[in-house]
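**Student:** Construct the complete structure from the given sequences, taking the supplied hints into account.
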Amino acid sequence: MAKVQGNWRDDIAEKLRKRNKNESEPFSDIIHYNNRLVDTAAILRQENLDLKIDRKIRDSVNVAGSAGGSGTGFGTDAAAKTSAKIQSLEKKVLAQQEELTELHKRKGENSQMVITLNQKLADLQQLLAEKERTLTEQTSLCVALKEELDELKASHVTIKDESLASQLRANTAEDKLRAVQDENTKLLNLLMEYKSRDAEIMNKENDMFVKEKKARIENELARAIRDIPGPSSRGPDLHRFDVDGVPEGVEFKFDAHVGEIHAVRWSPIERMVAIGGADRIITMWDVGKGICKQLDGFTGSNQGIYSVEFDTTGSMMLAGSSDHASRMWTFDDRKIK
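Residue numbering for the sequence shown follows the working numbering, beginning at 1 and increasing consecutively.
If you're looking for bench data, these hints aren't it; they were derived computationally from the structure. The reader is advised that the hints may include incorrect statements.
Unchecked claim - Quick list of the computed label-pair ranges, beta carbon to beta carbon:
1) Asn-7 to Tyr-33: 38 to 46 Å
2) Ala-144 to Asp-39: 54 to 62 Å
3) Ile-291 to Asn-189: 47 to 55 Å
4) Asn-189 to Trp-266: 38 to 46 Å
5) Gln-112 to Thr-40: 52 to 60 Å
6) Thr-172 to Glu-137: 47 to 55 Å
7) Ala-222 to Glu-183: 52 to 60 Å
8) Arg-9 to Asn-118: 21 to 29 Å
9) Glu-205 to Thr-313: 55 to 63 Å
10) Ser-322 to Lys-204: 21 to 29 Å
11) Glu-137 to Lys-176: 52 to 60 Å
12) Arg-106 to Trp-8: 36 to 44 Å
13) Arg-106 to Ala-144: 52 to 60 Å
For clarity, every value in this text was computed on a predicted model and none was experimentally measured. Glycine included, C-beta positions come from ideal geometry on N, C-alpha and C.
**Tutor:** Here it is in structure tokens:
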């Protein structure tokens, strides 16, 4: 900071010297001539004093000549020489007076010019002081701005490094995300494949179970039919299930499930009834021909069946179980959708 202040002070001093030189050179002749005029005026004052003394001497000589008559020849020659010298001096004094008048005139002009220049110099000095004050303020501001710029540069470098590091981390995270997404896609595909296989295995097991159950029930029904008497003599209206009335007796009695029965629902289009129980199976029974015939059942539930519903066309069946799930089967192929 001290070096900077020393430099600008030296620059200002050098500029002031140059300005003084530029301002004074045009008037150097006038100043020199003015000094010569002052010296000449001093010389003329001395000569004027000498002339006054000579004039007194001449007056004294004239008085002496008048008093002595014609006098001697020596006195006449001296008076003539003195008179010639006086005339010469008078001419010289007249010329010097004219020159002195001109010098006084020029001196007045030069004095006015010096006053004007002094006023300009004062104005310039005041302007210089203001410029110096402004320069000091601007120098301080420049130093502060330079320090702030250095701090901003350091911050910029830090932010740039952090940005590069963040970009690298983002690229690494993006690569990891892409790898995880690819792995997730593979796992999803594998899971779907496993689910498809599990569904196929479950459907095969259901088909096998239904077939075994059907064969077993058919055998049981065949044995039970032999023990059931023929149709009752109470008339043909016993087999009409679309007629409302008070039940007069039990029409059919059969074991539909191994355990408890929780849900019973009539089919909307045929004389079939769906029964769900605690054994996780929905059995279908055809009671339209005066006998109870078991059809293929519906399997796939993990807990007991508590609700059974048909759609309006009778082609699909919905069941709810105690495992917090609902399942839908198609009536034709007995498979879960």
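**Student:** Each hint needs a verdict: does it hold in this structure or not?
**Tutor:** Now for the hints, and whether the structure bears them out:
1. Checked against the given bound of 38 to 46 Å, the beta carbons of Asn-7 and Tyr-33, roughly 40 Å apart, stay inside it.
2. Evaluation of the 54 to 62 Å hint for Ala-144 and Asp-39 yields a pass: the beta carbon distance comes to about 58 Å.
3. Separated by about 51 Å at the C-beta atoms, Ile-291 and Asn-189 satisfy the suggested range of 47 to 55 Å.
4. Checked against the hint of 38 to 46 Å, the C-beta distance between Asn-189 and Trp-266 comes to roughly 44 Å, which is consistent with it.
5. Remark: the range hint 52 to 60 Å for Gln-112 to Thr-40 is contradicted by a beta-carbon distance near 21 Å.
6. Roughly 52 Å separates the CB atoms of Thr-172 and Glu-137, a value that falls within the hinted 47 to 55 Å.
7. Checked against the hint of 52 to 60 Å, the C-beta distance between Ala-222 and Glu-183 comes to roughly 57 Å, which is consistent with it.
8. Our hint of 21 to 29 Å for Arg-9 and Asn-118 holds, since their Cβ atoms are close to 25 Å apart.
9. Taken as a hint, the range 55 to 63 Å is violated for the pair Glu-205 and Thr-313, whose Cβ atoms sit roughly 28 Å apart.
10. For Ser-322 and Lys-204, the hinted distance range of 21 to 29 Å is satisfied, since their beta carbons lie about 25 Å from each other.
11. With their beta carbons about 57 Å apart, Glu-137 and Lys-176 fall inside the hinted range of 52 to 60 Å.
12. Arg-106 and Trp-8 have their C-beta atoms about 41 Å apart, which keeps the hinted 36 to 44 Å range intact.
13. Between Arg-106 and Ala-144 the Cβ separation comes to about 55 Å, which falls inside the hinted range of 52 to 60 Å.
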